[in-house]
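Peer 1: Go by the hints and put chains F and C onto chain Y.
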Amino acid sequence: MQTEESATTASKSEFSPRRASAISGIIHSRRAQVGFGIITFFIVLAIAAPVVAPYSPYAFPAPGPPYSPPSSRFLLGTDYVGEDILSELIYGGRVSITVGIIVALLSTAFGTFIGIIAGYYMRTIDEILMRLTDIVLILPSLPLMIILAAYLGPSLQTVILVLTVTAWPAVARVVRSQTLSLRERPFVDSARVAGASDFRIIIKVLLPNLASIIAANAVLITEIAIGGEAALDFIGLGDISVVSWGTMLYWAQSYAPFNGAWWWVIAPGLCIVIVGLGFVLISVSIENVFNPKLRST
Amino acid sequence: MRALEQRFGLDKPVWVQFTLYLINVFQWPPNFGISYLFYPTPVFDVIMQSLWWTVFLVGIPTVITAIIGIIVGVWTGKHPGSKTDTASVSISMILWSIPFFWLGLILLWVFAISLHWFPVSGAASGGVTASNPLQATDIGDVLWHAFLPMVTLVVATYAGYSLIMRNTMVGELSQDYILLARAKGLRENAVLFGHAARNAMLPMITLIGLNMGYVVSGAILVEIVFAYPGVGFLTYRAVLAHDYPLLQGLFFIVSVSVVAANYIADLVYAFLDPRIKY
Amino acid sequence: MKAVDGVSFTVNKGEILGLAGESACGKTTTALSIMRLHGANAVVEGKILLEGRDILQMSNEELRDFRWKRISMIPQGSMNSLDPVISVGNQITEAIQAHENVHKSEAWKSAEKLLSSVSIDPSRAKNYPHEFSGGMKQRAVIAMALALNPSLVIADEPTTALDVVVQKQLLLLLKELQRNLSISFLFVSHDLSVIGEIADRLAVMYAGKIVEIGPKSVVLKQPSHPYTRALVNSVPRVFGSRQLLHSIPGSPPTGIWPSGCRFHPRCEFAFEPCKQKEPQLEVSMTGVHAACHLISQEKETGFSTKR
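Chains as they are written, first to last, in this note's numbering: chain Y, 1 to 297; chain F, 1 to 278; chain C, 1 to 307.
Where hints are given, some of them may not hold.
Claimed, not checked - Ranges of calculated distance between the beta carbons of each label pair, as one might list FRET restraints:
1) Y:G37 / C:L49: 55 to 61 Å
2) Y:T40 / C:G77: 46 to 52 Å
3) Y:I274 / F:L143: 31 to 37 Å
4) F:I71 / C:G77: 27 to 33 Å
5) F:I60 / C:V43: 47 to 53 Å
6) F:I71 / Y:I128: 40 to 46 Å
7) C:G52 / F:D266: 52 to 58 Å
8) F:I276 / Y:I240: 49 to 55 Å
9) F:D266 / C:D191: 42 to 48 Å
10) F:G59 / C:L49: 57 to 63 Å
11) F:W15 / Y:T40: 50 to 56 Å
Worth flagging that the hints you see were computed from the coordinates, not collected in a lab. The beta carbon of each residue, even a glycine, is placed where N, CA and C say it ideally should be.
So here's chain Y without its partners, still in its complex pose:
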């Protein structure tokens, strides 16, 4: 719903000066700045994991006693084996964020591809592609992911694949409707009259104009994917030998409550919330630039 609105209003940014001011509008909004700040912080942390994390989350034997509360040695306490939770968090962030980004890239690429083809060629191709898209779109995402993952077996690749499968239809829909409206614009016609091939038109003309809407969607998908990865891990469909925020919660669910290890539950969840918030801030500020009436700050 939010991305559909952006689709219709984002079409205004076809000319460079407008787009430049839109981008500057985004960059200068306090919301976006906070959002970017949060995301950057976590990405830097993830990249610098080996340097920043005090221990390795897979250390054997485990560095500390199990279920020990936060202390100067273990800033966020330890888990049921004795691994340092802060380290788990930092390394786990790598996995969670990477999964989010990969899913966003894959689903955006595939969704954009389908959306452009459908929107540009219209008629039968559009019909067929959109039927296919709608079928996947209408199915509730978690049940779909569960059943696919159940057949594919629990692993990181399964998680990525399954998240991508549920994410691409929304992108395809939005890109298709934007393409439909863009293809009627004069500059597309003039490109066609000048003899440009379809391929050229798509790459050189349509894609740049779709860039903003694609970017907005990609941001949203990253956020949803991170949450989705956590959910799938939580159920046990991810690779539970890998440390990620989701698998931390998987283990924590069974062991933490009855051992009083509240820090184990709070920490990964809080990270998901904060990172998610960062992405939400960015995507909301993108929307506010294109639809100024909604401005809240």
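Peer 2: Below, chains F and C alone, put in the same frame as chain Y:
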């Protein structure tokens, strides 16, 4: 082994299995096969025992969040950019980012495990005997068990409704008919609710339908956390036990339900909007 | 920045006062301000008196009660002024019941009567706005405006979106209402020919100020202000000999007003004082009020430069 394979039809070629499956499904009562986990109970019966609990668990919070979301959306849509509005939107954004199951886990821990105010799991004390929450002997007990999971669902789904309602209200309040409504000397509430909200509700209905998939996904997670005997928890158990017939049946029924909910939302929309003939 | 500056006029009982001017001259702002329906960021100063009561001094509740009872409006773009999800009849009864303690069935009967008074079949009251044609919607809004027998109705560009035939019908209807119910109208429009047909008195606005105001025939046939004259000349004549179309060079100012007389950059008669001093309204040779430096000059010399 062979006997089991034959029993489950696994010895036939795949496409035959698939066609037989479809034929079995599209009859009444649908035949989804026999559950591995609950052998020899048919899948359909297993699902039916849990389905109504999920409907109960999902239905009430949906109604509550829709109402709260609408009211908050109306009040904040009046003055976009005000302090109240900014605060409300910020809260919504934070709530939106909270994972369903994490919230459920925390609530469970604090209120059930630590404080013992609420039961730790299940839908009714002493296990579930009724397949339909309305048939349960002690409604109070059922509600007591359902309270925490429902609160989780309400908090987690609230944000979407309130934000969309707010944005729609902002759009409606700038329309011409609002000016005339004020000129007529109507009270502010009549203008807000009788006119603006009435128009803004229409896209909300579509939204509720579209959101059903999301809410159901959340319900699955919440059921797992609270071990609530609905289809979500059933799915979890089916996954653990590799009970494929049960999983397929669950997926089918859940998907059909969500699609049906969407369709109903469309019908309600057509009914409420006088501009549409249905 | 003042969209409307020092505007003052009177609408007499049972008369139609036309308010003419180009877009962005402040006429809609003036009209909306009378009922205090201007935007939240606008400030209104001065006095607005209706039958002795100052509207600007009223509390919110008094204002709410007062609206529609003594003064109502037909807004610009009435086509969009009806709520699409509520029946026309209910929108009228809503107006009635907000001010009078009557039963719904009574209010509904009044609504039906009102609709028939504007030549709409009363059985259509239960229909929704989208089931009405443009002209019908306009008339429905008029019916609604009359619901509580107001003394003054503000009509903001009521004919703009309509075709000429419907326009004519509408004007006849308004004249009839004026006659039968002795309602006063403030008729705002940029279309001089329409105002010419219906108004009794006419006020011409330019750049937030009234530049001429007086009886319609005098103002239109013998304009005292150069702007009025230019406006009148720019209306093409259907009968008579063919002429070149006149238009006023330049465009109306927005945001920054020119110094002195606001019309001077576009005025063909501008002379020295026009750049320096803003002219005030005074009685001209024809007996109307106009704000132009030429007037004092004419009165002195007894000679008019404007033909």
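Peer 1: Are the hints correct? Go through all of them and say.
Peer 2: Verification of the hints:
Here the CB-CB span from Y:G37 to C:L49 is close to 57 Å, well matched to the stated 55 to 61 Å. Between Y:T40 and C:G77 the beta carbon distance is about 48 Å. The supplied range of 46 to 52 Å therefore holds. For the pair Y:I274 and F:L143, the supplied restraint of 31 to 37 Å holds, since their beta-carbon distance comes to about 34 Å. In this structure the supplied range 27 to 33 Å holds for F:I71 paired with C:G77, their Cβ-Cβ distance being about 31 Å.
A C-beta distance of roughly 49 Å is found between F:I60 and C:V43, which places it inside the suggested range of 47 to 53 Å. Between F:I71 and Y:I128 the C-beta distance comes to about 44 Å, which sits within the given range of 40 to 46 Å. A hinted range of 52 to 58 Å holds for the C-beta pair C:G52 and F:D266, which are about 56 Å apart. Judged by the Cβ atoms, the range 49 to 55 Å given for F:I276 and Y:I240 holds: they are separated by roughly 50 Å.
Taking 42 to 48 Å as the suggested C-beta distance range, the pair F:D266 and C:D191 conforms, at roughly 44 Å. For F:G59 and C:L49, the hinted distance range of 57 to 63 Å is satisfied, since their beta carbons lie about 58 Å from each other. In this structure the supplied range 50 to 56 Å holds for F:W15 paired with Y:T40, their Cβ-Cβ distance being about 52 Å.
In summary, the structure agrees with every hint in the numbered list given earlier.
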